[in-house]
Amino acid sequence: MTIDHPVALAPADRAVRLLGGDLTEKALRLHLDGLTGVDAVGLEARAANLATRSIKTSSKAWALDTIISTCDLTTLEGADTPGKVRSLVAKAVMPDPSDPSCPRVAAVCVYGDMVPYAVEALGALHGDPDHGLVSVAAVATAFPSGRASLDIKIADTREAVAAGADEIDMVIDRGAFLSGRYGLVFDQIVAVKEACRRVDGSFAHLKVILETGELQTYDNVRRASWLAILAGADFIKTSTGKVSPAATLPVTLLMLEVIRDWNRLTGERIGMKPAGGIRSSKDAVRYLVTVAETVGEEWLVPHLWRFGASSLVNDVLLQRQKMTTGHYSGPDYVTVD
Amino acid sequence: MSRLSVPKTYKLAIGGAFPRSESGRTYVVTSPAGEFLANASLASRKDARDAVVAARSAQAKWAGATAYNRGQVLYRIAELLEGRRAQFVDEIVQSEGVTAAVAGAQVDATIDLWVWYAGWADKYAQVAGNGNPVSGPYFNLSVPDATGVVAAIAPQDRTGVSLLGLAAVVAPIVLSGNTVVVVANEAAPLSAISLAEVLATSDVPGGVVNVLTGSPAELAPWLASHADVNALDLAGAGSIADGAWVDLQITAAETLKRVLPPVEGAPAPSLERITAFVETKTVWHTKAML
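If you read the protein sequences in the order shown, they are chains A and B. Residue numbering for the first sequence is 7 to 343, as defined by the numbering used here. Residue numbering for the second sequence is 333 to 622, as defined by the numbering used here.
These are computed hints drawn from the structure, not numbers from a lab. Careful, some of the hints might be misleading.
As the list claims (entries may be wrong) - Ranges of calculated distance between the beta carbons of each label pair, as one might list FRET restraints:
id, chain 1, residue 1, chain 2, residue 2, range
1, A, Glu126, B, Glu586, 58 to 66 angstroms
2, A, Asp338, B, Ser474, 48 to 56 angstroms
3, A, Thr331, B, Gln404, 37 to 45 angstroms
4, B, Ala532, A, Thr331, 52 to 60 angstroms
5, A, Pro251, B, Asp444, 51 to 59 angstroms
6, A, Glu126, B, Ala573, 51 to 59 angstroms
7, B, Ala532, A, Lys248, 31 to 39 angstroms
8, B, Gln404, A, Ala298, 50 to 58 angstroms
9, A, Ser64, B, Tyr400, 52 to 60 angstroms
10, A, Glu50, B, Ala532, 32 to 40 angstroms
11, B, Ala532, A, Asp338, 23 to 31 angstroms
12, B, Ala620, A, Asp338, 35 to 43 angstroms
Built from N, CA and C at the ideal position, the CB exists for glycine as well.
Make the full structure from the sequences, and use the hints.
Laid out in structure tokens, this is it:
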């Protein structure tokens, strides 16, 4: 089965193309329940094997820069203030003030009400991360629980987009998903995708957070990934970072396999964002290896791959300083977040 | 039939655990006469890095304990050393090639030194600190405070210092709330690791004392240049190579470390070794107006 239209889509077009014109919940359920089960042991073994690769020095230098330039520098605390967002933006545009060759991060990720401050602080540097600028991502739809009515979720999204957010990180309704109401989850993603439409007709990028730590099984992660992609997700994202376990290597591998399958089926490229729990450069490099081995190195660009992290960047900077100066650095030489 | 002996494997002591070197390297420890004694881990720069991370994460809690409590914890180590006296005597006899009486004297000196330093834990601040005279209705106090993570090279002489030298370097560093990464005597590291085992079974939190066995010439430059090490005790660095310790001092200056120069043999117990690894903090506070 091959579908020829690898072009940007209006919401739900993907599902219509794959499942037929009369899109019903039954058709969706038949498709999702018809997915083959995940070989959990094989998946974990594959992920563990990918984590053992030895990375040589020149590759490591490239990997460290790639991690920084594909990172969504994140602050999602109840105690966030405009001042904290401004200092986060300052760090995003110049992660290592002692080394001007250090790349900028891809985006800053904040709560919706902090978007205006992030946009203002970025100024002329606000733009497409593929061109070395920094975009603004906002979490929306009653993040992190997703427990709100659809109207509120849509209003939340519209407000963030209107304030200048380039990317929307939405959460799915895990309760509905786990109780089997796939149609409801699907419709909500479609509605939020529609709310991402800007006045000029273009769309803010939509990242759909599956919160894999609450989905219980790998089979559910595979179903939710398909569901999100069919409903129009530009990115699928593992976690909010508020639930443990957050991103793990096997789950990321599994989601990347869905992305690979979708790419083979349609030629479309869906992005992937593991978030939460990735704190060390060593860990992050393992994710890069997994991407390169699953979907290919061409995915390691800001519009197809992101790390959602807050403390990861500091560890990467320490490793980077070690590589440039030749001696070990310490936490006194990076920011206190 | 004679019994097959079960020789002990001596490993590193990092963060309260006893890992092998991440490099997988070992080296053979021999007696002065050349007999095989044990295989010890040959620590790499990455082990040193891990040890600094462990020392850093243990530092705040150790410095946050009351001085009295740190003194009690250190005194308890002296008690444990006394209890394992025979093992230490045996290791010193083997690795230094001395008589049991000479080895016993070194263990006694170590225990005495440890008790002496333990006593200073809640007293050195009275000597090194001060209530400064001021012409106003407030107090002005200068108090010594731990400097952070200290890297140390234990004395490297073949005889007389394998246990005493390590203790004489470690005790004054940790009593004020510092944590330490110490490179043990390369030729005679056995009692250093046994001392680390004593520490691990005492009340000293993991990561306060980290012991690396291996080559000081290999490890010292990495520790001297490490930006997260606050001070450097080069007690045993005189033996590395002629004048090498000067280079270490120059490297350490890049990150503004305090540096203690090499000494002959084991450093004698002294208040100066304590105050070398503290920094003075001066604070003021209003007097009650009642």
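Now the hints, each set against the structure:
1. Against the hinted window of 58 to 66 angstroms, the Cβ-Cβ separation of A:Glu126 and B:Glu586 comes to about 39 angstroms, which falls outside the hint.
2. Between A:Asp338 and B:Ser474 the beta carbon distance is about 24 angstroms. The supplied range of 48 to 56 angstroms is therefore violated.
3. Evaluation of the 37 to 45 angstroms hint for A:Thr331 and B:Gln404 yields a pass: the beta carbon distance comes to about 41 angstroms.
4. Roughly 34 angstroms separates the CB atoms of B:Ala532 and A:Thr331, a value that falls outside the hinted 52 to 60 angstroms.
5. Roughly 52 angstroms separates the CB atoms of A:Pro251 and B:Asp444, a value that falls within the hinted 51 to 59 angstroms.
6. Distance hint for A:Glu126 and B:Ala573: a CB-CB separation of about 58 angstroms, consistent with the stated range 51 to 59 angstroms.
7. Between B:Ala532 and A:Lys248 the beta carbon distance is about 37 angstroms. The supplied range of 31 to 39 angstroms therefore holds.
8. Checked against the hint of 50 to 58 angstroms, the C-beta distance between B:Gln404 and A:Ala298 comes to roughly 55 angstroms, which is consistent with it.
9. A beta carbon spacing of about 53 angstroms between A:Ser64 and B:Tyr400 agrees with the range 52 to 60 angstroms that was offered as a hint.
10. For the pair A:Glu50 and B:Ala532, the supplied restraint of 32 to 40 angstroms holds, since their beta-carbon distance comes to about 33 angstroms.
11. Checked against the hint of 23 to 31 angstroms, the pair B:Ala532 and A:Asp338 passes, with Cβ atoms roughly 29 angstroms apart.
12. At roughly 37 angstroms, the beta carbons of B:Ala620 and A:Asp338 sit within the given window of 35 to 43 angstroms.
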